[in-house]
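Given chain W, work out where chains Y and V should sit, using these hints.
This is what each chain is made of:
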Amino acid sequence: MLTELRKSLIASIWFAFLTFPIMVIKVNSIEKTIQWRWMNVVYVMVGIFFLSMAFRFLLKQKEMRAGKEESGTEIKLSPIHQLINHPTYRVVFGAALLLFAVVYPFVFSTYQINIMTTALMYVVLGLGLNIVVGLAGLLDLGYVAFYAVGAYSYALLNHHFGLGFWAVLPIGGVLAAIFGILLGIPVLRLRGDYLAIVTLGFGEIIRLVLENWGEFSKGPSGISNIPRPGLFGIELSLNDAITYTYYLMVIFVVVTIFFVNRLQDSRLGRAWIALREDEIACQAMGIDKMKTKLIAFSLGAFWAGIIGVMFAAKTTFINPASFTFLESAMILSIVVLGGMGSIVGVILGALILILLPEYLRELSEYRMLAFGAALVAMMVFRPQGLISNVRRTYSINKDE
Amino acid sequence: MYVVHTALTKTSRMSKKILEVKNLTMDFGGVRALGGVDLDVKGGEIVALIGPNGAGKTTFFNCVTGIYYPTKGDILLHTPGRQKPKSLKGLKPNQVTVAGLARTFQNIRLFSQMTVLENVMIGRHCRTKAFIFGALFRTKSTRQEEKEIIDYSYSILEKVGLADLANEYSKNLPYGAQRRLEIARALATDPLLLLLDEPAAGMNPQETNELVTLIQNISSGGQSILLIEHDMKLVMTLSERIFVMDYGRKIAQGTPDEIRNNQEVIKAYLGEELDA
Amino acid sequence: MLMDFDYFRELFFSGLTRGAIYALIALGYTMVYGIIGLINFAHGEIYMIGAFTAFIAATIFSILGFPALAIIILAGVCAVIWSASYGYTIEKIAYKPLRHAPRLSPLISAIGMSIFLQNYVLLAQTSDFLPFPALIPDFDFMEPYAHIVGSTDVVILATTTVIMIILTFIIKYTKVGKAMRATAQDRTMATLVGINVNRIISATFIIGSSLAAVGGLLIASHIGQINFYIGFIAGIKAFTAAVLGGIGSIPGAVLGSVILGLTESFATGYVSSDYEDVFAFSLLVLILIFKPSGILGKADNQKV
Chain W
41 MLTELRKSLI ASIWFAFLTF PIMVIKVNSI EKTIQWRWMN VVYVMVGIFF LSMAFRFLLK
101 QKEMRAGKEE SGTEIKLSPI HQLINHPTYR VVFGAALLLF AVVYPFVFST YQINIMTTAL
161 MYVVLGLGLN IVVGLAGLLD LGYVAFYAVG AYSYALLNHH FGLGFWAVLP IGGVLAAIFG
221 ILLGIPVLRL RGDYLAIVTL GFGEIIRLVL ENWGEFSKGP SGISNIPRPG LFGIELSLND
281 AITYTYYLMV IFVVVTIFFV NRLQDSRLGR AWIALREDEI ACQAMGIDKM KTKLIAFSLG
341 AFWAGIIGVM FAAKTTFINP ASFTFLESAM ILSIVVLGGM GSIVGVILGA LILILLPEYL
401 RELSEYRMLA FGAALVAMMV FRPQGLISNV RRTYSINKDE
Chain Y
2 MYVVHTALTK TSRMSKKILE VKNLTMDFGG VRALGGVDLD VKGGEIVALI GPNGAGKTTF
62 FNCVTGIYYP TKGDILLHTP GRQKPKSLKG LKPNQVTVAG LARTFQNIRL FSQMTVLENV
122 MIGRHCRTKA FIFGALFRTK STRQEEKEII DYSYSILEKV GLADLANEYS KNLPYGAQRR
182 LEIARALATD PLLLLLDEPA AGMNPQETNE LVTLIQNISS GGQSILLIEH DMKLVMTLSE
242 RIFVMDYGRK IAQGTPDEIR NNQEVIKAYL GEELDA
Chain V
24 MLMDFDYFRE LFFSGLTRGA IYALIALGYT MVYGIIGLIN FAHGEIYMIG AFTAFIAATI
84 FSILGFPALA IIILAGVCAV IWSASYGYTI EKIAYKPLRH APRLSPLISA IGMSIFLQNY
144 VLLAQTSDFL PFPALIPDFD FMEPYAHIVG STDVVILATT TVIMIILTFI IKYTKVGKAM
204 RATAQDRTMA TLVGINVNRI ISATFIIGSS LAAVGGLLIA SHIGQINFYI GFIAGIKAFT
264 AAVLGGIGSI PGAVLGSVIL GLTESFATGY VSSDYEDVFA FSLLVLILIF KPSGILGKAD
324 NQKV
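Protein chains in written order, with our numbering: chain W, 41 to 440; chain Y, 2 to 277; chain V, 24 to 327.
One should not assume that every hint holds.
Below, a list of computed lysine-lysine pairs in the DSBU-like style, where the Cα atoms sit at most 30 Å apart [unchecked claim]:
#1 Y:Lys23 <-> W:Lys329
#2 Y:Lys85 <-> W:Lys329
#3 V:Lys314 <-> Y:Lys90
#4 Y:Lys17 <-> Y:Lys85
Derived from the structure by calculation, the hints contain no laboratory data.
Okay, chain W solo, but in the shape it has when bound:
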């Protein structure tokens, strides 16, 4: 116990030193003034003292868990897993959630409907990226590029040809998927970490081109007056349009969950997971590595494209600033935090990461700081995410 305290004390002194220039001093080089913020030393020291204890405690717990797993001890399923795996509870739980989603606009304000619509968009984006990262194990850091392709297809096709939301929805998805295939063919041969960097580079290239190629994309000022989704040509008031967009998103989410769930338990889904686990063994099983990866990559891109169209229609204005690397990082955080490969986890991750900062307004400037910390903490302590993916079990009826 005493050594633990001493270790924490050393850590807090070390961090007091480490954060000293950035946290304590603030200078103004023009007016030649120095501002000393000594209270920050106290905050840092107290904070690190407890954090360092928590860090070591959690690390020890993780080691113990790993030890248990190795000795083959059965690990109990968490209550959430029992809930989502139980056939009746699952239906009841899903129905309750759906009922809540339907009633939501009648209970909450327009502002909150808007926020929830955004959160639902991130649910779908998360589920789409989950195919790529969670199932197939391909770290895509430029996912937002496909999202941008969708958004700009709607904005531009509408601007130039007057095409409506419903006409562009599939086009946006397909265009994004085509981009995915075109990028995927050369880059999916690369090893995991290189793939991550190339996709990051690709995402940035798309954004920079959108910013600089003014004649095509109207540059940094973006495109405005994009029509909201149509409803059989009925003229909707702003409030009704927002509610309508919300219900559309609910449907999108349900459809996405339905399809991703089916993909996950299909021949294709198994191949993705096998590929994630061991590429060489996977090839030795006769699975075409490139083809399988390409399908995952382009399906993920397809979903991003669809939501891109939706995004443009919801906000009625887009510009390249909406498609930065941080956006990709946020979607990645959703997948990692929720649990790679787990549908329920990704939904939970999206709701936490999008709704929490909205409702904790005072803390919203700490949002990206918390994302970063969460990514590190999840990898170090709980790489499987909040809700780990549990493989389906099969019952074999031997009488047949």
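Chains Y and V alone, transformed into the frame defined by chain W:
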């Protein structure tokens, strides 16, 4: 529905060559790892490839299964019912498996986050064809196929004695069971020829005995097997013919009795012992 | 015609200067990659923190009335000390617990660390661009050549060259350097012959971070402004340079940096300055696709 090669009786396929490796040569930047190795496997046979450490056995496997591209030589696969043999040279590993060769790995390479049954189901991948559309809409043919995959995979698990553990994660299996699962997974691809890379490595005597029984069982169904192994007792018990390699060359071939008395083989192995 | 040649020379030297600074950052990527096979995504942030620390120190010392040379040296020392400390700490928190995790885990952790550090500086300092004092004076003897190559360029090139020579010496002849090379070749073997691998990894992070800090100081005084986001772009570019030269190879990182610096300089000078970053990113994508092992790197074969 599936092509069941194993249905052929042992005798009817006996004596017909299914794999023919000719003058296989592999250079790694000037270092010759394989120097013109010839080898053949006949239908229904168990053939062993032995040799001291570093003799080039695993390199041989990697060349045959498409992981390396051989510098020279050819690998021919005679598929029953087909006139001309198919050359496996230059095919990708997955194409080699589709053509009819399935392998296991010296250092076990299971899909650890998947269940035992799913590991075997992955083996059925290349013999089935449901795709995006089928997966999304679960068409009748997809459901049918999925059921067949499960039933077939389960029957293989029964064959190797892992049926009780079907829904267990493969990483939780004991060592010997993991090796058997690798074999099951390879069998699920319906191979013409099963390649086992040191299947008994790291096993205790009891596990090795169980393995011998398992391989005999598989073989009795008509399955042709080529194996690399260090355990001489296992090799002598199981194999009908043995090829011996040393320094990347084939130094002998013959029945277990012939190999046991071959001077060059004795020298190769004794030499190794003296060095050690 | 003469004008054109002057323009060419100007672009050449500005490219060389860029390359020199990229090299200081790229070395950190390549050394860490060589030892633990990780793309240290947060390395750009180390450089950014180095620039901020140098900025803070330089301002304080100039308010206190120190002479110019002393300010440069003291700001440089502070930047190196703190950047190295950050590098050391980051490794202990975000990478060391993941030493045996699947390959993508430390990469995701590194991305998280990078986002965290950016926002940490943003919140604790400012989101504005800060004017960075011109620490390097204009030398009188450079006057006749001023239209081709500025004094800062000369200082940057000279400093970088000296640092490269010192680094080469450390890696070739000192005990730490030899241990690093051994660890990079085979970590298990290095442990068996009694090398404390953890300490060598820490040393790698400390050296790499120190170089990035010097790069931060130099580029900040060259460009004249900094903000919390400079690490991201610089990091990607330096990584591009490291990959171009062959990641894991130290001369490769320098060569790649010079090539990247020149490419960028000529491309922006002759083609278009709007797409400055696009050139670098495109180069990165193209190298990774066509020659992922880089110019001086070794192709890696996965062992079966």
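Discussion item. Are any of the numbered hints broken by this structure? If so, which, sorted upward?
Written reply: none
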